[in-house]
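Undergrad: Here's the letter readout for the chains.
4 protein chains.
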Amino acid sequence: MEWVPGASMDSLKHAVQQGKKEIRVGDIVISRDTFTVIAGPCSVESREQIIETAKAVKFAGAQLLRGGAFKPRTSPYSFQGLGKEGLEHLAAARQESGLPIVTEVMDTQDIPLVAQYADVLQIGARNMHNFALLKALGNINRPVILKRGMSATIPELLSAAEYIMHAGNHQVILCERGIRTFENSTRYTLDLNAVPVLQELSNLPVFVDPSHGIGIRRHVPAMAKAAVAAGCSGLLIEVHPHPEQALSDKEQQLDFGEFTQLMAEVRRMRGK
Amino acid sequence: MEWVPGASMDSLKHAVQQGKKEIRVGDIVISRDTFTVIAGPCSVESREQIIETAKAVKFAGAQLLRGGAFKPRTSPYSFQGLGKEGLEHLAAARQESGLPIVTEVMDTQDIPLVAQYADVLQIGARNMHNFALLKALGNINRPVILKRGMSATIPELLSAAEYIMHAGNHQVILCERGIRTFENSTRYTLDLNAVPVLQELSNLPVFVDPSHGIGIRRHVPAMAKAAVAAGCSGLLIEVHPHPEQALSDKEQQLDFGEFTQLMAEVRRMRGK
Amino acid sequence: MEWVPGASMDSLKHAVQQGKKEIRVGDIVISRDTFTVIAGPCSVESREQIIETAKAVKFAGAQLLRGGAFKPRTSPYSFQGLGKEGLEHLAAARQESGLPIVTEVMDTQDIPLVAQYADVLQIGARNMHNFALLKALGNINRPVILKRGMSATIPELLSAAEYIMHAGNHQVILCERGIRTFENSTRYTLDLNAVPVLQELSNLPVFVDPSHGIGIRRHVPAMAKAAVAAGCSGLLIEVHPHPEQALSDKEQQLDFGEFTQLMAEVRRMRGK
Amino acid sequence: MEWVPGASMDSLKHAVQQGKKEIRVGDIVISRDTFTVIAGPCSVESREQIIETAKAVKFAGAQLLRGGAFKPRTSPYSFQGLGKEGLEHLAAARQESGLPIVTEVMDTQDIPLVAQYADVLQIGARNMHNFALLKALGNINRPVILKRGMSATIPELLSAAEYIMHAGNHQVILCERGIRTFENSTRYTLDLNAVPVLQELSNLPVFVDPSHGIGIRRHVPAMAKAAVAAGCSGLLIEVHPHPEQALSDKEQQLDFGEFTQLMAEVRRMRGK
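Residue numbers (the numbering used here), protein chains in the order written: chain A, 1261 to 1532; chain B, 1261 to 1532; chain C, 1261 to 1532; chain D, 1261 to 1532.
For the record, the hints were derived by calculation from the structure and aren't laboratory data. Certain hints may be false.
[Said to hold, decoys possible] Just some of the chain B residues that point at chain D, by a computed CB distance under 8 angstroms:
#, residue
1, Gln1355
2, Arg1440
3, Phe1442
4, Asn1444
Each residue gets a CB set at the ideal place from its N, CA and C atoms; glycine is no exception.
Build the full structure now, drawing on both the sequences and the hints.
TA: Right under this line is the structure:
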């Protein structure tokens, strides 16, 4: 009568390994013993926007810069990202700020191009079950941040990581970003339960994206702090110079002041 | 095309009021400006068990004692609680420890009996939509802790509170305790998003029950701390002298040592 | 790692029994071998309304009349039903039409009153986990139609039935009426999968309520026919003389013409 | 406070168009006025297996043959399909049976290869939000059957169709195949509500896959008939010569006898 969704944990050879796991991005070490913040706009909109944001989030304490060049949008009539031009702007922002860059890749055919620019490749929630993409990212030598699908169980998230690792790339960071439930007062339901459960089942770093997880700008800081208290190894936060003018996700991006204050509170929580 | 579940916020006169709200239980003030911990076993199992637990949780820093005398159990063949005898044990534990007691009432007919013993009455998640019970508790002068139904939206939780308040009893504490989702690695999905959202929509104190919210004993402390960081006004924690021997919820109760350590960490987080 | 929600089937002694099960309401036999339609308004609104509806649904082929006197409403400011007066109107409609009546009871204290009037007592979805009510209905000699809670698993529905049967009343009809999911284009998600699964696990008759299950009047007939094709033993359909003027559930009630046409199509499907 | 998931219907230019829509596959016309059955194994396992199945399902009344060559599997250690060899076996089965073939494409890079063999391309549930794939399939001249993502709302399914149509390919068939909910007695929850709702919102043919929708072989026929009664324009059914030996989805495939009987019942329902 019982149905067991997802993969059996027994079948996973890599994602469930124990022992210390360190992922290096330049001088930055991402692991269970460190804490890392990735910040930046949902979409790269212009060279100025991304450079300005890079400097601001670095000043506030972020260690990596995020920004979308290829955007997965529900409607084909929404802004789809700047593509290659966006990647070039990201590279310029890295040059100016010194921050390594994280950006999403949506298709196997784009991997060579994106890998040319990005320090860390992101797999978005909508592609967590894009097995061709997972396998292809297993063949490159670049850390991957893997976002949980909006209806993926915890074993399925680990199985997706296993695809990447099985193909040879062990530099995987898991990211909880909210799941889809009946509750629609918030964009998604941020599942912080996943943090300790994933940490027990695997040795991969577990990050949290509170921006998508609640989807309401003024409540992002509360959820970011909750994620820290739950024990995550890093945060992924959307930050934009002028959130209300953003071309995507305008409801959930922090401005520089809000992000700076959040970082101060996170440091205080972590006793730093 | 769009369906709006739950009640419209506009129709709520009491639950959405702003301004400071204080609920008093003896000397204890429960409000947005205070932080209160309610702890104790899922079920009252014996006089010794509840007295021992009362003393232990008081020593660790809890301000109220919880314990179930009437238990809502999925199966009629499971332990159903000690009933009136359980209430008498709770009264003895209050006498011994000085802690006010919180216990669940499951039926309108039991209200006179339970109200004779309890300082705070609890409405369980399975009864959040028991409108007869909500109305009846609106007629008594005793604080009520109202747990969110496992599939209740945030507007529906506030509407349930409105039933109690509309009938005349304004001493309502809201409690997030996990919602039912597709994820079954954990007992429920603790919805901490609900904390800031409820706090914005109403002036009622918002508590969190991480014990039910994750349902896995070793992960309860992480979720308790996450709830504190999200900004809740109190916690409801299941504590038992010997969790592995508990007659109900044995998978999620903390022992005295675990609870004491959690309380120390919570105090540190709150800077006390 | 795996969490098994709901009750174990092994612990159920009555709800999972096999063999033919017949429930009699006057001359009507409700069982796996028969097909029964219960129809009527969401709420009894006046003597004329319920008598007119009783005659119309009888003429169209319904065998029982439904109508709510005590209404579970999300908001305390919504119409709460006519109470005892509604029961009297139902009795009058029975007198005029000859149809037995089905009505909801929401609280243990109301059972004596409601049982005085109703031929079949209904437990609504919001009370499926009201264990005090389940136990109390186990002590009376009257068939009970038990609606699935909006987030109740199939084992939990059977456990709720077990409560009633364990207390001595074996005349239980199960009713699927839609579950709560992320999909909000419809009021609930009608889970017709539950029909064959419940029929395999127990010998109780399984009914379907497509009115609540989809919540959109013009789509109710499609779902009613789907339920028949899935093999259910009966339907519960909301019918109102003037749905657009109904005091509750106006979006989902059929008018007499729509119901009459649906009944003709259902008879055709069933080869009668 | 209200969150509106998915795309606004207003923004869709193609998927929401009304008027008769016909999709031709050889002599077969797929539309709201016709009824089409696609049947075959989950995976192509050998030339013999697929040819034998093609003949059997044709004899029983199916009009198209399905079979997976590239398989999306949760675990990298599960059978991943025969790839190009599988496509060749499918072509041989088409040759032998005369049935056009339907097979899944999982990655943009595979489109030229798969399109060389398949008469209809399938987008699986896990790729419904793979926007790169949707866009690429918009550029080819071949019908596409688009399966609903397991957590996709109805507006999101229509938006995914819009991606394909916006890029130029208007030959899209929608397919409901079960959504993910808390209920785990069945593999997914088949959402038949989606059939009339999708038919009202768009003019695209709406198919149903009861095999995945319930995931329990002995209950697939009940759900197939329910889907027909709900008004769908076609069925997608998994059929295997020896389901218990299948390399994938062994719990939900029908054998030839079961499928033949189901087809007879479906014809009877449709009055043919």
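Undergrad: It remains to establish, for every hint, whether it holds in the given structure.
TA: Going through the hints against the structure:
1. Gln1355: With Cβ-Cβ at 42 angstroms, over 8 angstroms, it is violated.
2. Arg1440: 5 angstroms, holds
3. Phe1442: With a minimum Cβ separation of about 5 angstroms from chain D (threshold 8 angstroms), the hint on Phe1442/B holds.
4. Asn1444: Holds. Min distance 6 angstroms.
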